[in-house]
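Chemist: Residue strings, one per chain:
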Amino acid sequence: MTRLNIGKILSICIYLFLFSFPYNLNAQTDWVRWEGKETFYQLPATHNHDYTVDKSSFGMILLSVLRNTYYFFISDLDGDNCPFEPSCSAFFLQSVKETSIIKGTLMFADRFTRDLNFFKGMNHYALLASKKFSDPAYNYTLHSAKIKF
Amino acid sequence: MKTKTNKRFIVAFFFLIVLLNTANCQLPTAGNIFSPQNRLQFGNFLYKDRDYLRAAEEFKEYLKNESNDTIVFRLANSYFKIGLFTEAVDNFKGLFFGSQLSEEARLLFYETIFFRNDYKSLRELADEKNYSSSKFAKEIERLKYMSYFFDNSALPDENLVLKNFPDTVQSRLVNFYQQKKFPQHKSPTTAAILSTFIPGAGKIYTGEVGDGITSLIATALTTYLAVTNFNADHQFRGWLFSGLAAFFYAGNIYGSAASAQIYNARIQFNFNKEVKLFFEQRNYFLPKIDY
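So the sequences go chain by chain: A and B. Terminal number for the first sequence in numbering that gives the first Met the number 0: 148, no gaps in between. Terminal number for the second sequence in numbering that gives the first Met the number 0: 290, no gaps in between.
Please note: incorrect hints may appear among the correct ones.
Said to hold, decoys possible - Chain B side only, calculated, beta carbon under 10 Å to chain A, not exhaustive: (1) Ser101; (2) Trp238; (3) Leu239; (4) Ser241; (5) Ile261; (6) Arg265; (7) Gln267.
Stated by the list, open to error - Below, a sample of chain B positions facing chain A; criterion: calculated Cβ distance under 10 Å: (8) Pro165; (9) Pro187; (10) Val208; (11) Ile212; (12) Ile216; (13) Ala217; (14) Phe247; (15) Ala249; (16) Asn251; (17) Ile252; (18) Gly254; (19) Asn263; (20) Phe277; (21) Phe278.
If you're looking for bench data, these hints aren't it; they were derived computationally from the structure. Note that the coordinates shown come from a computational prediction; the quantities given were computed from them, not determined experimentally. All residues carry an ideal CB built from backbone N, CA and C; glycine is no exception.
With the rest of the complex left out, here is chain A (with noise of 0.2 Å):
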């Protein structure tokens, strides 16, 4: 009887030692989960710059690989730091895109001047989920159609 006994506590401890094994193997043990963690304390970038060259004309080559060099020695040390999307490179080469190198410019002339002021974001333009100001070209070509809201 005894033996018996024995015997069957024994198969059952077996059973309880075959099924929790795969869950001892992956148990989380108190190392793990009280081990200190190293903080860091750098921002994560929001985005990455886009260096794709704009192959479209001569003129857009050119503009694409200043504003790589542009984005590379001082935008991408410097962080992300203009409050506009797009930002205002980008702002000015989709200006020259749509519209010419004269125009372009003066779209570029006119963001840049709305960027010091420093009270730009009241009841002035949409907020993005990136926490930037929606201020696209194409609602400054001259062209009333294009405005969008």
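Go by the hints and put chain B onto chain A.
Modeler: The following block gives chain B in isolation, referenced to the frame of chain A:
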């Protein structure tokens, strides 16, 4: 002996369970589930459940075998609800003559044209009176005048527009009419000219006071630096600041004109939004028709 009884009991229990399940199961040969009547029933259920896309499919299948004006009306209405306006118009037209739902179909025909934003056709059809409805003449006339608020065509006389609407909304409609007829737009040319004489003035004219002041400061400061550098015989810096001053000055003139256009577009956008909301909240002064 006891084991034998138990076995019998288990077998009997098993058969009982099988028997109960068999009795309750749905036989596939009970009838044709795709019969016109079943399709109609299912279509009606979907229609009441506002699943208009699938309801339209069921009604379409049903109408291949049977003829029923109410179902044609429901089919057309389903198409209308899911935005298939051309199909809706075609089906409503089929009810114009010799149907008890002719009047309702005519109203919904005009509604469909209105909601597909074809305001010009709506007005032409309403004026031609080929499909006019005696029961819903006032509603159709109202839709016609409402359409003037949604496109850029010239507004008719104020009294003509207003007489079709209830007294309770007259003051709001007068306000909309005035805003539409005399929009508070800013002239891009005026803005550009103002900025030519005083940098930033055009921006202030369009309500962008902060941008205007910034333009004035940027242009004035760079001009001052250019002048002082030339006076001090610093030619390179003089030309550098002259270029910057020209850059800010020209950009400000261009930006003032653009700013006036954006201002006008914003006025138009807000007006359209307000008008749409006003009529939407009142269901476009249309009766609720459902069959």
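Chemist: Against each hint, give a clear statement of whether it holds in the structure.
Modeler: Results for each hint:
no. : hint   : result
1   : Ser101 : violated (41 Å)
2   : Trp238 : violated (17 Å)
3   : Leu239 : violated (15 Å)
4   : Ser241 : violated (14 Å)
5   : Ile261 : holds (6 Å)
6   : Arg265 : holds (7 Å)
7   : Gln267 : holds (9 Å)
8   : Pro165 : violated (32 Å)
9   : Pro187 : holds (7 Å)
10  : Val208 : holds (9 Å)
11  : Ile212 : holds (8 Å)
12  : Ile216 : holds (8 Å)
13  : Ala217 : holds (6 Å)
14  : Phe247 : holds (6 Å)
15  : Ala249 : holds (6 Å)
16  : Asn251 : holds (6 Å)
17  : Ile252 : holds (8 Å)
18  : Gly254 : holds (3 Å)
19  : Asn263 : holds (7 Å)
20  : Phe277 : violated (19 Å)
21  : Phe278 : violated (20 Å)
The structure does not agree with the numbered hints 1, 2, 3, 4, 8, 20 and 21 stated previously, though it agrees with the rest.
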